[in-house]
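**Student:** Numbering (our numbering), first residue to last: 1 to 286.
These aren't lab readings, by the way, just hints derived from the structure by calculation. None of the values given here were measured: they were computed from a predicted structure. Cβ atoms here follow ideal geometry from the backbone N, Cα and C, with glycine treated the same way. Don't take every hint at face value.
Here are the simulated DSS-like cross-link-like pairs (lysine-lysine), alpha carbons at most 27 Å apart as the crow flies [claimed, not checked]:
(1) 191 <-> 140
(2) 17 <-> 170
(3) 191 <-> 170
(4) 22 <-> 155
(5) 155 <-> 191
(6) 65 <-> 22
(7) 205 <-> 191
(8) 81 <-> 205
So the derived label-pair ranges between C-beta atoms look like this [unchecked claim]:
(9) 265 <-> 196: 23 to 29 Å
(10) 256 <-> 185: 44 to 50 Å
(11) 33 <-> 140: 27 to 33 Å
(12) 271 <-> 56: 47 to 53 Å
(13) 282 <-> 145: 43 to 49 Å
(14) 68 <-> 144: 34 to 40 Å
(15) 241 <-> 278: 18 to 24 Å
(16) 182 <-> 85: 44 to 50 Å
(17) 230 <-> 23: 44 to 50 Å
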Amino acid sequence: MRIGLLASGGLGLNVVKYFLAKSGLTFVMTDRKSTDIIQLAKEKKVPYFVGNPRDGRSQDFIKDKQIDVLISVNYLFIIEKDLINLPSKIAFNIHGSLLPKYRGRTPHVWAIINNEVETGITAHLIDNGCDTGDIIEQIKIPIGYYETGAEILRKYSENYIPLIDRVISKIESGKLILLRQDNLKATYFGKRTPEDGRIDWNWQKERIRNWVRAQAYPYPGAFSLLDSNKIVIDEVVFDERGYEENMPNGLILSAEPFLVKSPNGVIKIKKFRDIDFQIQSGKILE
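Full structure from sequences and hints, please.
**Tutor:** Next comes the structure, spelled out in structure tokens:
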């Protein structure tokens, strides 16, 4: 079976390595920032395409390869209809959620923020929408109470290849069963930027904890401002100490330990990134 791969980043690199080890990769398409994928394709003498697939050159590139299956893994670009129809059998994508929930970008981060206890990955047909194609196969992944966004992404990475293998096996056996997504159950989340990480200390303590762990190192991180100085926070826990109800949310109750008031309890900041200013009790995080 001739397989073409659309791949970006670390998740994509792992899948590229897997298919190269099996001598089962016809070509790879990637973006300019995925230099590890580009270098590997050069070393292994695998045909590769770098850049936006909508520039007109990619269609001829894929047509010449006469592939059976096109797989998208963490690919940065939206795939146009004229590319979807080029493989003889199927074009499918691996998405980091249990579709139809959490369509869109960084779904694992949003799942943690929303206090989900389970996420997963979905293999689905590529269509003209955003993560809207028929579902082929899913793997469920639990979210631990203390797990961070990066830790969940590692779980995703461990399950990408088993999921792809299941789909390939079904294609080869002719036992592919498709499940149409229920759009009434769908949710969508857009692209996040580092500035989206700001903590609102008027949130309940549970949301603040989830907000922090979802974006903890090596991600850009949740943050607050202290006198216009940025503090990036990587871990918080709840603290049983009391406070006066009329105290403002975000008030620093203590510098050591670093305690902050929220609407429904005290939060202890256990880990934060290096700063060149002093934490002072009585100040307010914003």
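**Student:** Does each hint fit the structure? Answer for all of them.
**Tutor:** Cross-check of the supplied hints:
1. 191 <-> 140: holds, 23 Å
2. 17 <-> 170: holds, 22 Å
3. 191 <-> 170: violated, 33 Å
4. 22 <-> 155: holds, 22 Å
5. 155 <-> 191: Between residue 155 and residue 191 the Cα gap is close to 21 Å, so the pair holds against 27 Å.
6. 65 <-> 22: Holds. Residue 65 to residue 22 sits at ~18 Å (cutoff 27 Å).
7. 205 <-> 191: holds, 25 Å
8. 81 <-> 205: violated, 45 Å
9. 265 <-> 196: 23 to 29 Å: holds, 24 Å
10. 256 <-> 185: 44 to 50 Å: Hint holds: Cβ distance 47 Å, inside 44 to 50 Å.
11. 33 <-> 140: 27 to 33 Å: holds, 31 Å
12. 271 <-> 56: 47 to 53 Å: holds, 48 Å
13. 282 <-> 145: 43 to 49 Å: With Cβ atoms ~32 Å apart, the hint is violated.
14. 68 <-> 144: 34 to 40 Å: holds, 39 Å
15. 241 <-> 278: 18 to 24 Å: 21 Å Cβ-Cβ, so the 18 to 24 Å window holds.
16. 182 <-> 85: 44 to 50 Å: violated, 25 Å
17. 230 <-> 23: 44 to 50 Å: holds, 49 Å
The structure is inconsistent with the numbered hints 3, 8, 13 and 16, although it conforms to all the rest.
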